[in-house]
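**Q** Chain by chain, the residues run as shown.
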Amino acid sequence: MSGSTGLLTEGQDLRIVGFLCNWCSYGGADTAGVARFEQPTDLRVIRVPCSGRIDPLFIARALLSGADGVLVSGCHPRDCHYAEGNFYARRRFEMLKQFLSVTGIDPERFHYTWVSASEGQRWQDVVTSFTERIRKLGPATKMAGGTGYDEECLKEIAAAVSLGDQCPCHKEKA
Amino acid sequence: MRIGVFICHCGSNIAATVDCPAVAEQAKGLQDVVFTTDTMYTCSEPGQNEIIEAIKEHKLDGVVVASCSPRMHEATFRRALERAGLNRYMLEMANIREHVSWIGKNKERNTVKAFELVSIAVAKLRNNNPLYANKFDVTKRVLVIGGGVAGIQAALDCADAGYQVVMVEREQSIGGKMAKIDKTFPTVDCSSCILGPKMVDVSQHENITLYALSEVEKIEGYVGNFDVQVRKKATYVNWDECTGCGACMEKCPSKKNIDKFNEGISKCTSINIPFPQAIPKKAAINPEGCLMLQKGKCGVCAKVCPTKCIDFEQKDEIITEKVGAVIAATGYDMFDHSVYKQYGAGQYPDVITSLQYERLMNASGPTGGHIIRPSDGKEPKKVVFVQCVGSRDPSVGRPYCSGFCCMYTAKQAILTKDHIPDSDSYVFYMDIRSPGKGYDEFTRRAQEQYGVQYLRGRVSMIYPKGDRYVVRGSDTLAGTQVEVEADLVVLAVGAESAKNAPALAEKMRISYDNYGFFMEAHPKLKPVETNTAGVYLAGSCVGPRDIPTSVGQGSAAAAKVMTLFSKDKLESDPQVSSVNTSRCIGCMKCATTCPFGAIKEVTDRAGNVKAEVIETVCQGCGICTVTCPQGAIQLQHFTDNQILAEVNALCQAQLDF
Amino acid sequence: MQALAELKEQIRQALPDLDVVIGWQQGYDALHTSPLFIRSEEDIDKLVVNEFCVVNPATYLREMRGGKKVGLVLKGCDSRSVIQLLQEKLLKEEDLTIFGFGCNGVLNHTKLQARFGDIGFITSLENDGTNVTVEAGDKKETVPFTELCADKCLTCSYPNTLQCSHFAGEESAKQADSATDKALEDFEKLTMEERFTFWQDQMRRCIRCYACRNACPMCVCKDHCLANSREPKWLSEDVDVQNNFMFQLIHVMHLTGRCVECGECERACPMDIPIMLLRRKMAGIVRDVFAYNAGTNAEETPPLMCFKVEEPTIEERH
Amino acid sequence: METIPLNSPDREFIREVQERSGQNVLACYQCGNCTAGCPYNFAYDLSVSRVMRLVQLGQREAVLKSHSIWLCATCQSCTTRCPNSIDVAKIMDVLRHMAREAGYATERNVKAFGDAFLESVEKHGRVYELGVTATYIRKTGRFWTDVDLAPAMLPKNKLSIKPHEIRGKEHVSEIFKRFRERDAVKENS
Amino acid sequence: MSISVGYYPGCSGSGTSVEYDKSTRAVCKKLGIELHEIDDWSCCGSTPAHTVNHTLSAALSARNLVLAAKQGQEEVVTPCPSCLANLRTASHKIEDEEYRPKVEALLDESCEEAASVASTLQLIIERVGIDAIKKAVVKPLKDLNVACYYGCIMNRPPELMKFDDPENPMAMDKIMEACGATVLPFPLKVECCGAAAGMPKKNIVTELSGRLLEVADSLNTEIIVTACPLCQMNLDLRQGQVNRANGKSYDIPVVYFTQLLGLALGLSAEEVGLSKLVVDPTPRLRFADVL
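Chains as they are written, first to last, in the working numbering: chain A, 1 to 174; chain B, 175 to 831; chain C, 832 to 1149; chain D, 1150 to 1338; chain E, 1339 to 1629.
These are computed hints drawn from the structure, not numbers from a lab.
Quick caveat, the model's predicted, so the values are computed rather than measured.
All C-beta atoms, glycine included, are put in the ideal place defined by N, C-alpha and C.
Honestly, I wouldn't trust all of these hints.
[Stated by the list, open to error] Using C-beta positions, here's what the derived DEER-type ranges look like:
| no. | chain 1 | residue 1 | chain 2 | residue 2 | range |
| --- | --- | --- | --- | --- | --- |
| 1 | D | D1297 | B | K441 | 25 to 35 Å |
| 2 | D | Q1167 | A | L137 | 40 to 50 Å |
| 3 | B | V374 | E | N1558 | 53 to 63 Å |
| 4 | C | K1053 | B | Q403 | 38 to 48 Å |
[Said to hold, decoys possible] Cross-link-like lysine-lysine pairs, in silico, BS3-like; alpha carbons within 27 Å at most:
| no. | chain 1 | residue 1 | chain 2 | residue 2 |
| --- | --- | --- | --- | --- |
| 5 | E | K1408 | D | K1307 |
| 6 | B | K407 | B | K281 |
| 7 | B | K281 | B | K202 |
| 8 | D | K1311 | D | K1326 |
| 9 | C | K1139 | A | K136 |
| 10 | E | K1614 | D | K1305 |
| 11 | B | K774 | C | K1053 |
| 12 | D | K1311 | E | K1368 |
| 13 | D | K1318 | E | K1408 |
| 14 | B | K734 | B | K496 |
| 15 | C | K1139 | C | K900 |
| 16 | B | K681 | C | K1139 |
[What the hints assert, rightly or not] Chain D side only, calculated, beta carbon under 7 Å to chain E, not exhaustive:
| no. | residue |
| --- | --- |
| 17 | F1162 |
| 18 | P1188 |
| 19 | N1190 |
| 20 | N1233 |
| 21 | L1267 |
| 22 | V1296 |
| 23 | A1301 |
| 24 | I1310 |
| 25 | K1311 |
| 26 | I1315 |
| 27 | F1328 |
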């Protein structure tokens, strides 16, 4: 999208989605702003009330849709505005984080952490290091291929059939 | 939908690094956007009027404001929408100041980013629905937790305004730390002379119900409608009958109890009234020391009591109270100085804390106001004060300044000279923090008029030598080590959060910092409010405070309660979860994860189990929404569809479906 | 078979108090079974128990909530799904009668087919537990059981029915051949890019028929599956790789800490997409992090429905 | 007294001290606790807290030429009691390394003793106490060093006349050799 | 109960503190601890090494930890706090994956397999325990007023040593109490004695050790108990020097805790090497009926 606006003369920002809880991390990002802590511009923040509101599937959706990175931050454990939200969130995020590798999406593209409303400095560090990490990884490959049986796919199936039990799906199953 | 987009320059705060007109121009291309503009100060009166006029003129049914953080001005713009006849939840904000203009210097990139944030906001707004608040009644009674000077002030102000007050005090008497102090800085007036009358007012005020030796067990409900359970601990004395005559104390044979009120520098009887001015002035039995309760033999107090009010069978009692607001004024505790092994604190009898020293100086204290050494009862001639014991010391987990130690140390040094004119006092300090009215003059007076020797440096160790103590410190101004042999060492211990403060915070559902101090809703603009509606704070439970500040905060918290009680009905926040019963399969997983017990099980007409949200209890965290596999329970204003719209706007604009 | 005779007798005894007993019967040929719904005495003799009893009878429970008394003949793995549903209070223990036995593993038709061309050619098959002797056309071949059995049997630690009311025959002493899943291990040898391409290719073949979901004993949302919902709308109707894969991820996340790894989803897939890789991976993570095996204890709380204030097994993320 | 010019602090010096010690010298707020507890303060020319202050001000010469850094015995009082958990003793150690590298040795005897000790280790693999004393005397010319202890020592048979040679002494001497070969100067201690 | 660990005596154990080594071995044997001296151990580098370079110091120490591991010892104990501090520091450095290669470069071998290290004092307290010592005492040190002096680096810095309280350690106090002695509240338990300054800067030792003796004397200490060869040497061997410098005439025996513990456990004066001490403790021990 950033390319299509025509506003940018050179280079493109990466697509980094941030999910921040309203009470701590969004406040921390505000604090960093108030203190003029300079940060890379790639991150776009979506505000939610609590890290407990962040469905790991939002993160999966973002990564599948072509986000280059997803950064999630909530209140530090024990400091949740809603008492327990980040405890549930921690378990959910950890599952997703460890799971991602099997999908072929680099788990490094997803990071979750805890930043309080007073930690402007820390927020700057988090954003900077995560953006650097994503820049190193480069833009994410987007899962593509359109609808089920496009021509290319049919060709592949034909090829696979001719392979018989040498076909990768058979190999995988056996 | 007809959406209007307003891009704020915020003077040059935003406009300096974001091309605001370009963003406004670009936003015209976003779906459903029919009007865009950029304004100098959107939050100003003319700025808000511009929104209102645009809503009317362009028949807008949704507004996006791209400006500062929503944490700053969301409420402002919501009110503006309401004035124009729109529902307040048809507003979305894009934070292009704190998250864009202030953190990046590249104007091109900032402009693109600002535009993308605007398009996220538009995408979300397209999924917004008007939300409406429910109205509910307010119980106009207030619970004050803690009967120190802050709590007393809050209680008296509320009671004087005509509201019922329930005060819960953990100790046997109200008065808090101030009741233990001898004199107050910088005026050196007698603490109990100024606090005493207020304590009496509390006990005599018809609007105040006082539960001493009691603790809050449980708080349920929500603003305007809290149900509070108070545990009244067994005192083994029927307080309705006890006249506080003290006959029992005279005869009690068990006299070796640690006297908590006197900070352990003296002993007291098992049945005891902590001090003569105690409110309520009632006796209570310490069950650990009582011979009757421990061994089943004695009962002397019961025999001598003229009103026969001793009751060895008494049990803890749980009392339920309904209140509409809560003021926490639970104060602080003294830092446990015994972690400083190098000071021999707790090991050497003549190395004592500042509060113990107050009791030694206090005319109603165990020594009748004579300063003597606990070890041998001799009058000390050389007294060393060590400041910052448990303050400004990250290595013991106390990096903060306790604020009032510099002042009370100066006061104690001055009073020492008053009590013992031929004594010398030494104060080891790091910096003198005295920014109150008349405060710095006071510390100067200690040095100039009373000749107190101030030494800039910490003390490294204290060890006994003969019957004196070698205090080895440094004087960084002289640039070297110094040593002084002292008769008495007073450690100016810092303040830490009250024991069990975190547990109480969890009962009140408010947050607390790493040190256990309660968190205010905003450190500057909402200093006595919390993020839980109806719960207010006063005094040192927020952080170390001196007496004038605590009293001021007590009054401030009372004013907040009165503001709340000035309305007969309150509105609930509609940003709560809501169940789509046709999707709900009644698995009740949402109820399992809800931290607030805000979801109950109901049966529909067909006999199927369904979840239902208690709107006034729901705090709007959204844990349930993620828990529900069918997506049947949705947090309003942060629904799956709204957040997905934001994600999609950002990640796959070209795949719009 | 000793166990079968005992099972039949136990069912005969219990049937008067039950509305139905679900088990297996001979299918359209000797190599297939189909579900058997025993409602009367004469149905009982149709019951078979063999290496082709692949389907999880508990899958049919979803259609039967509310007051019916149901009997189930279950393999060890099948019983885990029932326990998991009991734990989630989606079934009532008093409505269920479980008939258990010791299972020595089931065969995988896709593997048979891969090995012998077409199942239709197989004229006889004998299984002695360690080896399978197959006659197909004029070929006769003896193959180790482990090469033909379902993947889940290779790692199975629960060959005997758990929490059953009746147990027939002797307990199976079968043990897991390996703790980790070979297919998953092999898959994880691929690079990140290769995995990504693999799923991209596989998801291109997916026709979003939802057979995987319908076969899943843990999919309790029935008509309210997120995949078909407008409010909220997580997926578009488009059958494209992104949406197809997103559906798989939704399924996996909703099964986190619940999946009993019965393999029904993958078996039901008409496109033979190895989607169990995803579920096994997640179940493995749950085991690693929370030491939790879904469907083995009805008294436990699933790991995502609770938390610890300090999580010793979760690395602190900075 | 000398005026410290604040316009030109030796930032490289501050950075080097921080890097080699792994300590943040800026965390020092000059409470003086290190000086207060330092047993060696009476023998110092600069108190520890002043050494810390001069490091903060980037005063390389003043610090590296001080006697104090040679007299510190790493007794850990300062490190243990620093409210900001700065490993002050380690900073003193690092300053000594830097002084050595820069060719300063304001306490010649202390350096001589250390050198004698290490020479003995390098040669024998273990310390040969009589040898150390002999080398030290040779290096400093202080013939009368501890001679008053001899009457007490000798009858106790405590000082062996011969060094304790070990089989692995070559290995030990190679450690020294490799250390000298490696450019130890810019090494992050 | 049988405990088996590697043993690093340290250089002074075969020189100035030969009686410490001797009594340590005897006490451990008595308490059921098998000490396996690391074959061909070398000097840890002591203070001079770390004042020259930290990697050199780590390499000299690490050699012994690697050697011990090769000889099948996972854990090594040493009686000397100075050796302990060096070995422990080295142990930390070679656990750090970034630092290890530097040490390995000097050592020219892998440090991945290395033994951990503790003091014999810690071993006795934590693995044998006070109760077991109490039971094993056959000759109680009745009527003996002792002051326990730990020295500055037995417990400090606490982050490294992780044993006992850094300001008010009690390990030796408890052992001496278990042996029946009266333990005085010696306030300067962790104050420095002057350490290795004895040779190059004698005035430091006479000043610092002088303070220790003064406070010990003011408490009517009969015997000072130590756990450090350097402390013991400064207080005992140099007591005359200290007296001369300060114009005093202290005559306080300074013994190793293992020596007193050994006597309490029934070992002979010869077995704990009492004759090696300069200030003779035997009159006091006889008076207290220990000898």
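**Q** Each of the hints needs a verdict: does it hold here or not?
**A** Here is what the structure says about each hint:
Checking the proposed 25 to 35 Å range against D:D1297 and B:K441 shows it is violated: the Cβ atoms sit about 57 Å from each other. A beta carbon spacing of about 32 Å between D:Q1167 and A:L137 contradicts the range 40 to 50 Å that was offered as a hint. Take B:V374 and E:N1558: their Cβ atoms lie about 56 Å apart, and the range 53 to 63 Å holds. Checked against the hint of 38 to 48 Å, the C-beta distance between C:K1053 and B:Q403 comes to roughly 42 Å, which is consistent with it.
The straight-line distance between the Cα atoms of E:K1408 and D:K1307 is roughly 32 Å, outside the 27 Å bound, and the hint therefore fails. Of the pairs offered as hints, the one joining B:K407 and B:K281 is violated, with about 65 Å between alpha carbons and a cut-off of 27 Å exceeded. In summary, the hint linking B:K281 to B:K202 is supported, as the alpha carbons are separated by about 20 Å, within the 27 Å threshold. With a CA separation close to 24 Å, the supplied pair D:K1311 and D:K1326 stays within the 27 Å bound.
Our distance criterion of 27 Å between C-alpha atoms is broken by C:K1139 and A:K136, whose separation comes to about 35 Å. Distance restraint check for E:K1614 and D:K1305: the Cα-Cα separation of roughly 5 Å lies within the 27 Å cut-off, and the hinted pair is therefore satisfied. Only pairs whose Cα atoms come within 27 Å are accepted, and B:K774 paired with C:K1053 is accepted, the gap being roughly 22 Å. Note on D:K1311 and E:K1368: the hinted pairing is violated, with a Cα-Cα distance of about 31 Å set against a maximum of 27 Å.
Proximity of D:K1318 to E:K1408 is assessed by CA-CA distance (about 18 Å); at most 27 Å being required, the pair is judged to hold. Between B:K734 and B:K496 the CA atoms are separated by roughly 19 Å; this keeps the pair inside 27 Å, and the hint holds. Proposed proximity of C:K1139 and C:K900 is contradicted: the alpha carbons are some 38 Å apart, above 27 Å. Only pairs whose Cα atoms come within 27 Å are accepted, and B:K681 paired with C:K1139 is accepted, the gap being roughly 19 Å.
Interface restraint check: D:F1162 against chain E, minimum CB-CB distance 19 Å, threshold 7 Å, status violated. Because the beta carbon of D:P1188 sits about 4 Å from the nearest beta carbon in chain E, less than 7 Å, this interface hint is met. Given the 7 Å rule on beta carbons, the hint for D:N1190 is violated: about 11 Å separates it from the nearest Cβ of chain E. A least Cβ separation of about 14 Å between D:N1233 and chain E goes past the 7 Å threshold, and the interface hint is therefore violated.
Given the 7 Å rule on beta carbons, the hint for D:L1267 holds: about 5 Å separates it from the nearest Cβ of chain E. The beta carbon of D:V1296 comes no nearer than 11 Å to any beta carbon in chain E, farther than 7 Å, and the hint placing it at the interface is violated. Interface hint status for D:A1301: upheld, as the beta-carbon distance to the closest one in chain E is roughly 5 Å, under 7 Å. Evaluation of the D:I1310 hint against chain E yields a violated restraint, the C-beta minimum of about 11 Å exceeding 7 Å.
For D:K1311, the interface hint is violated, the least distance from its beta-carbon to any beta-carbon of chain E being 11 Å, above 7 Å. Here the hint on D:I1315 is kept, as its CB sits about 5 Å from the closest CB of chain E, short of 7 Å. Checking D:F1328 against chain E by beta carbon gives a least distance of about 5 Å; that is within 7 Å, so the hint holds.
When the structure is compared with the earlier hints, violations turn up for hints 1, 2, 5, 6, 9, 12, 15, 17, 19, 20, 22, 24, 25 and for no others.
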